[in-house]
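Enquirer: Sequence:
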Amino acid sequence: MRHRRDRQYAGRRYSHSEFGLSHGECAKSELRPAHRGGNFSSTTSRTILFPRTMATLAPTAIRQASRLASKSALNAAPRRGLQQLSRVAPAPIQRAAGKRSYVTESKRDSAQVQTETAIRLDRKELEKSGLTITSENGSTEHVSPMADVLKAATIMDEGQRPIYMDMQATTPLDPRVLDAMMPFYTGFYGNPHSRTHAYGWESEKAVEDARQHIASLIGADPKEIIFTSGATESNNMSIKGVARFFGRSGKKKHIITSQTEHKCVLDSCRHLQDEGFEVTYLPVESTGLINLDKLKAAIRPDTMLVSIMSVNNEIGVIQPIEEIGKICRANKVFFHTDAAQAVGKIPLDVNTMNIDLMSISSHKIYGPKGIGACYVRRRPRVRIDPIISGGGQERGLRSGTLAPALVVGFGEACRIAKEEMEYDSKRIRFLSDRLLKGLLSMEHTSQNGDSNHFYPGCVNVSFAYVEGESLLMALKDIALSSGSACTSASLEPSYVLRALGNSDESAHSSIRFGIGRFTTEQEIDYVLKAVTERVGFLRELSPLWELVQEGVDLNTIEWSQH
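Those letters in the sequence shown? Residues 3 to 564, by the working numbering.
Don't read these hints as lab results, they were simulated from the structure.
Accuracy of the hints is not assured; some may be wrong.
[What the hints assert, rightly or not] Computed list of lysine-lysine pairs in DSSO-like fashion (alpha-carbon distance at most 27 Å, straight line):
1) 371 / 420
2) 254 / 371
3) 298 / 225
4) 253 / 207
[Claimed, not checked] If you anchor each label on the Cβ, the simulated ranges turn out as follows:
5) 382 / 474: 46 to 54 Å
6) 298 / 354: 39 to 47 Å
7) 177 / 538: 36 to 44 Å
Beta carbons are placed, not taken as given, at the ideal position from N, Cα and C, and that holds for glycine.
Just need the whole structure built from these sequences, with the hints factored in.
Expert: This is the structure:
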């Protein structure tokens, strides 16, 4: 039994002797002894676990220790046990100097391609090409024609990652949020719905504090916040819940939404159409904004719900939410908004804007994934049918045990967002202006959406005569997207850009740039330089670009099919 336990180094457990550490040295290295049932194992077979502080250890030392441990395991005879393995112990692991960080630091240098690790092609082929580049140490190296622009961008030194510019898909977890969450993964593990002991009480209090932070961010009452798994569930819960509640009476069977809504809103409406409800999909202007007069004209006596998103997830346009709320309230129609991209980024007040239902997502505002909320107005009361039935938690609208750690993280993210919204907004606006100015200075580029009414952290630009997917491949050192993360697997052009009136070619050549709290000026400058170079390179490969440069009007060309 002891021999089997000692050989668990292949997973996450290692014995002290394998690292050449005494028990005292192990404590200094912040490696904690594992225990079962509160009792430590014997001295010779004690195992240790890597806690979360292992992220602060030098990566090279960790990899070296793992390789040596695996090598010693293969060479040692099974019956020799721990005593034999300890003879080939590597050097003790030393802690890396520096401050602990939960978020991978993103620097300009982290995304630059090092020529020493560039694609290693055959020397003879490189010499034939005659192309060279100069490395940082001044030496000249041969490279292939494509490696200079495209392939080199896909190779990075070990441990380095692309610059993150996809903030609409998700945001990195704020370290302060993680600090607030960690106690609820260890000591405070009680079920918040347990009312008979202190473990449940302390978790319940933390949940209610988080609920208060979320409500405060949008000007709501804490009792109006219903926790869900995310904005997708909140959208389904709001749209299907209202429709099915009022659909039972048969008096109201009509819903209004727009053509540029998130996929989960559109799919929810299509499911309701299969159940006999009628849905009006409002078109949008070329700016991405809805026409308020068309909204007024679409409202019927049997209309029960209008669902319009606050900030579009692809082009960033901000809809006139307050005006829409007034129209809905005047016509006694419930107003739902998908605010996943808006909460914590722009000021929102559910009472001033006459919002009856709102969908919120945690991971869009530097909180944890897997948790969200649905605001459901109490006065005047909004009645909905719950999608999930069970123990009656969350006012009976969403049954299921809450995850205190996620809820606390969500609440802390909202608290930080409220406190730092003014600063974050100014800084993101500054970075956005810098990025847009550089991108639009290029030939044949245009911004998608209204340039005066959009969230600065979401910049969508079309690069004419460049295939968007090719550009993304060329920009492997930058994490970007050509549209919504929920539909990025589809090869179809963005339905949002098509709704704006863009052609298929324009929609296919569009790239979305996401700017957030942790984006730096150096990253913006690097992105501008990389995009400018690689767009120019791809255009040189396009026969259409050659015609455009010669002054040929492409609309006058008659294309023949073979």
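Enquirer: Hint by hint, note whether the structure agrees.
Expert: Hint by hint, here is what the structure shows:
Distance hint between residue 371 and residue 420 is fulfilled; the C-alpha atoms sit about 19 Å from each other, no more than 27 Å. Restraint check for residue 254 and residue 371: the C-alpha separation of about 36 Å exceeds 27 Å, so the hint is violated. Between the alpha carbons of residue 298 and residue 225 the distance comes to roughly 32 Å, so the proposed pair goes past 27 Å and is violated. Of the supplied pair hints, the one linking residue 253 and residue 207 is violated, its CA atoms being roughly 42 Å apart against a limit of 27 Å.
A beta carbon spacing of about 47 Å between residue 382 and residue 474 agrees with the range 46 to 54 Å that was offered as a hint. Evaluation of the 39 to 47 Å hint for residue 298 and residue 354 yields a failure: the beta carbon distance comes to about 20 Å. Distance hint for residue 177 and residue 538: a CB-CB separation of about 38 Å, consistent with the stated range 36 to 44 Å.
Of the numbered hints given earlier, the model fails hints 2, 3, 4 and 6; all others are met.
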